[in-house]
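Student: Protein chains in written order, with my numbering: chain A, 21 to 285; chain F, 8 to 258.
Source of the hints: derived by calculation from the structure; they are not laboratory data. Some hints could be false.
Claimed, not checked - Okay, the calculated bits of chain F under chain A, using three or more residues with CB under 8 Å as the criterion:
| hint | region |
| --- | --- |
| 1 | 135–146 |
| 2 | 161–171 |
| 3 | 179–188 |
Said to hold, decoys possible - Simulated restraints, written as ranges between beta carbons of each label pair:
| hint | chain 1 | residue 1 | chain 2 | residue 2 | range |
| --- | --- | --- | --- | --- | --- |
| 4 | F | Gln244 | A | Ala52 | 43 to 53 Å |
| 5 | F | Lys90 | A | Arg278 | 49 to 59 Å |
| 6 | F | Ser129 | A | Ala52 | 34 to 44 Å |
| 7 | A | Val68 | F | Gly121 | 32 to 42 Å |
In this text, a Cβ means the ideal position worked out from N, Cα and C, and glycines have one as well.
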Amino acid sequence: MTSRRLTSAAMWAALTVSFAFVTIPIVAILTANSPAALLDQLSDPAAVDALLLSLECSVIALVLVVGLGTPTAWLLATRRFRGRSLAITVIELPLVLPPAVAGLGLLAAFGPLGWLGGAEDAVGIRLVLETAGVVVALVFVSAPFHIRQAQAAFEAMNPGLRDAARTIGLNDAAVFMKVAVPTVAPALAAGATLAWARALGEFGATLMFAGSLRGVTQTAPLAIYEGFGSNLAGAQALAAVLVAASAVLLVTTRLLTRRWEASGA
Amino acid sequence: MTGLRTSLLIGASFFVSACGGSATHPLAVSSATSLKVPVTGISALYPSTAVHLEFAGSDALATAIRSGRKPDVFLSASLKIPKQLAAEGLVGKPVVFARNRLVVAVRSGTTNIGSFSDLTKSGVSLAFGSPSVPIGAYADTILGKLPTAEAAAIRANVKTREPDAASVAAKVTEGVVDAAILYASDVNASNGRLRAITIPAFLNPLTKCAAVVVNGTKYPVAAAAFIRSLLLPQSQQALRAAGFLPPSRGD
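Construct the entire structure; sequences and hints are all you get.
Tutor: In structure tokens, the structure reads:
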């Protein structure tokens, strides 16, 4: 009896420590500046530029991730083909790769001296030092968050639904568009939201691949890092905005996931 | 009982030697990224002093010191930053141990840039350090000495502002930009991948590298000794080999 109570107390203690460990730094960021000082820092045009650029790049990246990632996830979930598990591993790799490795990889592939650098020149595309390069970095690091979730949702979908759709004569593409996507929509939205949150926070790959120039490639995380050397209060104000945005996106993910689970599809 | 006494003795002797500033505890040295090659070399010259090296932009390291993450010694790529820290009471008196020159760095084999004035050509892409890191602040100083039109033409070509000298250099070696304003020592450290183009002397601020003991260090004696060792002939030799200049008499 006593030992059971002790174990329970230890678990609550662990929970308290885990909670405090995350809460204290977040509260410290939010309270580093008075609300008036925070608003003042955020009215700095450089901060506004960084936040707008982050919004723009992450939304474009999100559209690409959902557009390419959802059919990818459908095939991975519904087909059995040679190399499938290798494909899954490779697609999920950016989840665990250090962002600096992602940056090096993107440079080696799409940089001016990289594999496809000559081809890019030939068709007049430039990614490095451009906003497009930021989008590339964000897609690379955030796509697996959506694909993983979408694949799990498609796999969990009632197989009867698919069979029924086939028996009424729908082909695979129609099953995907008209049955599967609407059925698992909340789960897809949850995955997309998580990918969006990851994209908003991307730092290392963006800096290495795209660079850091205000209004062109300097997203909010890059502006935070620059501010760390010159304007700490400004960096903290931007950080507070990212904390708030991440919290909203995470709560959205949870609500969507709950809806999907409740739907029982 | 004997075992306990022995361990107490060992503990006591460690304590004494640590307070005496000898080498039992590694000295934490935060250094500007631009000093990486010579500082790494110098720390190996004196094996009796164990040193933990950390490299980042001088501005970021200064912020770390202001935020309470304090090394024992701070090596800055500019004299301005440690002077500010000293005025705030956070570090001791700066000791200039080397100087550096600025150059235009291009990838070896590049032909479209042959002189400093080519930086104004449209279509040339440049990397600078961010304005708060010394390598970026010095680049801004140079532009400040130019006629407005030329400065504006160069500024329009700056496509990225990087957190430290090493990442500025990487943007050139990776072919992301055509050229950058860097230290002569960065070109030296590139193993032939970069080539230096001289910046006219009247534009070129001779930069000073300064070392300070961080106030509150537990090892003030060892920290001061480390800084003194930077001025010893073999250290100066390592700095010269890395492309730095010796401090001038007045420093």
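Student: Now tell me, hint by hint, if it's right for this structure.
Tutor: So, going through the hints one by one against the coordinates:
Counting residues of the region 135–146 of chain F whose C-beta lies closer than 8 Å to any C-beta of chain A gives 4; at least three are required, and the coverage claim holds. Look at the region 161–171 of chain F against chain A: 6 of its residues bring a Cβ nearer than 8 Å to a Cβ of that chain, three or more, so the hint holds. Coverage of the region 179–188 of chain F by chain A holds in this model, with 4 residues showing a Cβ closer than 8 Å to a Cβ of that chain against a need of three. For the pair Gln244 (chain F) and Ala52 (chain A), the supplied restraint of 43 to 53 Å holds, since their beta-carbon distance comes to about 46 Å.
A hinted range of 49 to 59 Å holds for the C-beta pair Lys90 (chain F) and Arg278 (chain A), which are about 57 Å apart. Taken as a hint, the range 34 to 44 Å holds for the pair Ser129 (chain F) and Ala52 (chain A), whose Cβ atoms sit roughly 43 Å apart. With their beta carbons about 40 Å apart, Val68 (chain A) and Gly121 (chain F) fall inside the hinted range of 32 to 42 Å.
The structure fails none of the hints (numbered hints given earlier).
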